[in-house]
Every structure is written in C-alpha cells, then in structure tokens.
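Work out the full structure, taking the sequences as your base and the hints as a guide.
Read top to bottom, the protein sequences are chains A and B.
Under our numbering, the very last position in the first sequence is 367; numbers go up by exactly one each time.
Under our numbering, the very last position in the second sequence is 1367; numbers go up by exactly one each time.
Hints were generated in silico from the structure; no laboratory data involved.
Model, not experiment: these values are computed from the prediction.
All C-beta atoms in this analysis are idealised placements derived from N, C-alpha and C, irrespective of residue type, glycine included.
Simulated restraints, written as ranges between beta carbons of each label pair:
1) A:Ala-208 x B:Glu-1084: 36 to 46 Å
2) A:Lys-85 x B:Asn-1163: 53 to 63 Å
3) A:Thr-26 x B:Glu-1148: 32 to 42 Å
4) B:Glu-1333 x A:Ala-208: 27 to 37 Å
5) A:Thr-146 x B:Asp-1353: 44 to 54 Å
Stretch by stretch, here's where chain A covers chain B in the computed footprint (C-beta under 8 Å, at least three residues):
6) 1076 to 1082
7) 1302 to 1309
Computed cross-link-like contacts, DSS-like style, restricted to lysine-lysine with a CA-CA straight-line distance of at most 30 Å:
8) B:Lys-1131 x B:Lys-1009
9) A:Lys-12 x B:Lys-1264
10) B:Lys-1012 x A:Lys-264
11) A:Lys-162 x A:Lys-355
12) B:Lys-1002 x A:Lys-267
There are 2 protein chains.
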Amino acid sequence: MKLSCNQEKLNKSLNIVNKIIGVRGTLPILNNILLATDKGRLKLASTDLEIGITTWVGAKIEIEGSITLPAKVLTDFVGTNDDEKIDLELKETTLEIKSNKYNAHIKGIESSEFPLIPEIKTDKLLSLPVKLLQEAIRKILFSVATDETRPVLTGVYFVVDKNTLKLATTDSYRLAEATIKLEQSATKSASIIIPSRTMSELGRILSAVNSNVDVYLEENQILFMLGDTQIISRLIEGNFPDYTQIIPKDHSSQFEVVTNELAKVVKMASFFARESANNIKLNFTDNELLVSAVSPQLGDNVSKIPIKSEGENLDIAFNAKFVLDILGIIDEESVIVEANGKLQPTIIKPLKDKKFLYVVMPLRVDE
Amino acid sequence: MKLSCNQEKLNKSLNIVNKIIGVRGTLPILNNILLATDKGRLKLASTDLEIGITTWVGAKIEIEGSITLPAKVLTDFVGTNDDEKIDLELKETTLEIKSNKYNAHIKGIESSEFPLIPEIKTDKLLSLPVKLLQEAIRKILFSVATDETRPVLTGVYFVVDKNTLKLATTDSYRLAEATIKLEQSATKSASIIIPSRTMSELGRILSAVNSNVDVYLEENQILFMLGDTQIISRLIEGNFPDYTQIIPKDHSSQFEVVTNELAKVVKMASFFARESANNIKLNFTDNELLVSAVSPQLGDNVSKIPIKSEGENLDIAFNAKFVLDILGIIDEESVIVEANGKLQPTIIKPLKDKKFLYVVMPLRVDE
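This is the structure in structure tokens:
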C-alpha cells in the first residue's frame, strides 16, 4: 500500500470511524481501524461487532494494499498534523506516515484478521433528508431504557408503513414518538428494533452530512448510507410492546403552558425533591399551575405560573426528571399537557409541531 | 431576621461562597452557608475549617438576625429564581424565601453552631492589582505537588521582600516562579506557604473582581481582601526548599523556539510515549529541533521544526507532560530554552516577559 491524501479529509474520516472503537475491549483488532485502497480511494472502517462504520476518502494511490492500525495513536497523530498532504506507505505490517514536518511509523495488524463488515444486497427501503432523521433521533433517544432486563426496550422501535416512518422509545415509565412523513413511499413495510447506540452514532455522523440518507434492510441488519459514509448495525430481536395502546386517545383535561416557565418551576421543585425520588406535585387550576415539592429534611417549595386550561382541574404527581427531559428537547415556546385524571398516562407535546409526542406515567401519591 | 435583596446580587454572592462547601463532608454545618445581617448588609460566609470566605450584599433589613442554610438547595433555588426582588424571613430555624412567583421554606441550623471565621487584626502587608495576582496564580499553580508526602510542596511559596512579591511552586520534578513588582513596598518581609487550594479559590474569586487586592498576614493565617469579599486561609507550616539554588544561573546552550510549534511536536511525540512514562527526546542542532519518541508496541515518531541556536548542540529527554504543561500557559509567540547539558535542570521561559520562569528536570536515558 502506498498512497497520499489530504490531511484535513483523512482526519475528518478518521473521526467518523474512530468513535465506536474500544467499546468492547476484548479483541485487540477491535481497537484498530482498517485502511484499504478501494477503487481509487482509501477506505477506512471500524467495528465493535455490533456496529460497523465505513467511510471513503479521496487518495492518490500508487500501490494497492491494506492494513489495520491502532485507532487512538493514528487518530491523534493525524489530527495534530498540520501539513496539508500526507503520504502513507506500508512496509510489512508497519505503516510509515510522512508529511513535510512529521514522520511516524505505526505498527499494525494484518487486515485479514479484521472482522468482515457484512454487505447488504437488498433494495433500498426508504430515503429521507438527513436533517429530519437527525432531529427525530435527538428528540426520542432520551427515553430509551438503559437497564438491560428487557433488551427490546434498549432499542429504538423503527416502523415503516407506506409514506410514514415512526420512531419510538420507552423505558416503561415514559415514551417518546416521532412521526416522519416520507416524500417517497417506502418499498415495503417493516417494524424493527435498532440498538440505541447505533442511533446515537448515526445521529453523531449525520450532523457532519447534509444530504439524503438511504436505508437498506436485511433480515437482521440495517444499513444507513449517507454520502461517503455507511453505518451498518445488527438489530435487536424480539417484539417491541404495542406502545400505541398507552397513548391516550382522549383526555379530560388540557393545559397550555409556556415551555421554559414550566421547566423552571419543575427544576426548582426538583431541588426539594432529591430525597423523595424526584417526586413533585402539579396542581392545575383554571388559570394557574402550582408546582410544589416537600422534603422532610430540607423544607418545601411552591411556584406558580399562568396557564390556559380546558376541562377538569387536576392534581397530579410526576418524577421531575422525566418532565425535565421532555421539556429540554421541546423547542417550541409552548407545550400542551393532556391528562385523564391523576393516575393515567399523560401526554406532553409541543403546541404546534405534530411530529413529536411524549407520554409520561404519573406517580401515585397519598393525599 | 427579615430582609429583602436583589436576586442577581444574592446569586452572585452565593456563588462566591458556595464553591468550598462540602470539600470535607464530616460536619453537617460545613455544608451550610451562614447568612447574617451586618450593619445594613447581608453577610454570607462559608468555611471548610481551612479556608473561610465571606462576602456582603446590599439588603433592606427590617429585623436583624442570622441562620445557616444548606448551601446546595439555597444556591440552586436562588440561582434558578428569575424574580428581581427576594424577601427572606426567618421563623425559628426555617427561612422563608419569597418572591413574586416562587416560595420556599428551607430548614437551617442555628448560626451559633457555625465555626468562627477568625478575624485578622494586623496592618496591611501589601496591596496589588487583582489582574497581576490572578495571572501569577494561573501561571504557577500547575507545578504544585499533588502527593502529600512533603506537605510544604503542596503549597505556593509566597515571598515578600520590599517591592517584590515572588510566588513559586515545585513538585521536585519541575518548578514555576512568578515575580511581581509592587508599586508600593510591602510593610514587612515575609516567606510563607499558602495551600494551593486557597490559591485556586482565590484565582476563581479574583476573576469576578476588578480592583486591588489587599493582603494581611498574621502568625498562621493570611487574609485577602477584595472589594466586598474576603478569603482567609491557614498557612502550611514548615520550610519551603531553597528553590533558587535549582535555577541555573548560567547555560551552555540556548534555543529560541516558536511556542505552539514546539507544543505541537511534543504533543505528537507524546502519543508514542504513553507506554514509556511520556519519555520523549529533543535533539537541538544549529537550526533545527528534532523531537522524537519510540514505543516498542506502537511504533515511533520524529518531527522537525526550525529554531535559533546559541552555544552547544544538545540531546536531552523530558517527560512530555511537563513540557506541555509549561508551554500551555506561556502566552508569548516564542520561548527560550536554556540548558547545561543533558542532565542538568533546564530553563523554559517566555522570550520577552521576565516575570515568569520554569525549570524542568531532564530524564536520564540510555544512548
């Protein structure tokens, strides 16, 4: 292998593939990045056996070849390099990296030992603008389960039907749903569960791209294709709970509240609720919301803010963290709270944007 | 106690006294902030028994009194409050904090249980502009010893003689010295050791002030007075080593290097020196510096940058971290390296600014 390429582009590509490295520290080869000449370009790839990321960078290739190199030293070295052009030359399993001011020899492992990143050969499932998918990921990922007792809840439920894509997450205390209208219908229907880590990596990589993302689906794999980069991931097996049953279809109370005012008073009450599992109380009346918390040790707190009400008044208790998580990702000025009494799942959603919807379970509290 | 004050000013004052809270978690009262009316102002104080911080905020006082309150909930609550005016009213040992939208009762501990922060009654030792002291702290604190085997090295050596103030730190591998010329001579000479934590707290608080700082010294205490805030600290007992003996008076080699170029190549070599105690090699020749590192596992690296040389060429090895620490706080474009061969203490200093000086011990390496 002998080639030269641009430092800035190589650095950007290394940072794309670098992030999933070292998550599973078992196999030494998984700490390495694969470098291989590939049809006039340099291919870079990494995998943790669950996710595989591949990207390509333009290169002037003199001799074909491939090697894997330790990700950390390679990324650090190329990232600190400020020469414009970098020459790579492989001698046995050591890669010489040479530029105007800097020279390094990095010892690698043969590329034949690198785990094969599977290729997907099916037709495209759907295509959508990167920004839409990125926003949806950002707005639903927070309510994914972190505890592994029910593996299906650690993933993002990804449901495609005609020209609608829904993403949903739930940890069984709250749920988040994003609905994306596709300009072109999907080629088939699908309901799959994607590991949340894949989605967060995808969100990260998407932020560097500004095009369309194409999605390919095979039996137990999904592939996202975006410009010069692709990310492939295994799926989580099992059935996602029918979360749509939990979303209330109707409501006995509806309140409109200014998002950041609600966030402020919930946060304030949370300071007094730290010792009682973040338990705070919301008392919705005709024109006013009282938010309160009581701590046997610290004291108590009450705040009031104006609201617009429809339907019944409501006394309800929530985990402050769950409410704050939701309010933290709603960009709109106002939110709507829809409830069916103090014990039923309660909807919190942006006033105008119908794409996103959150449901949170109230806490049962003694009067 | 009954008074009202401005939220913004109270919040700023709480943040000044809040930071040293909870360092020593033993006594519950040390998690509290003292609030007391004091000659038409509200006094706020905190202590960890080593450092005491006191600040005053303007208040409209109706009833005199005092109480101590848990720092965290008080600071969080006042910091999130966005009402302009806050009313405080003490009822037994509970303080009601009331403003337009928010209300809280916070349970306190009587102020009689709060440790007395000693008062200093001597005359002023010296006075100097805040910015000078703050810069000096920032530029020497990094080389203080963190390991407690020689307690004197965990402090900042603070030496006053006529119109010169010197601050010095050393962890016995490297040393840093700042020299400040005082506009008015100090009232007496002094050589004391101030805990590094006091100096870092002081540096933090100084950044919010823009005036002069007055320094008062008593047998085992030092007081820094800055505007409405004072910080008092115990001193470290013992004798600081005579560090001036280590600073070479002469040199056989002198090199001028561009600061950020040197930092870049040292950093690059450090990637390859992680497994060998950060050991990197510098080879100074007539016009060029070669910086290199060798890792048995990873490979090796050589970089070259231009320099201006006087005197003998030099092969010398350093701990890359020590060199990077120094270069990281030199703001000037170029640095001077002065050495007496490969085994003697080596000076690194800014090209022009004579106020700061760093010495680093080379590593002994086999040829």
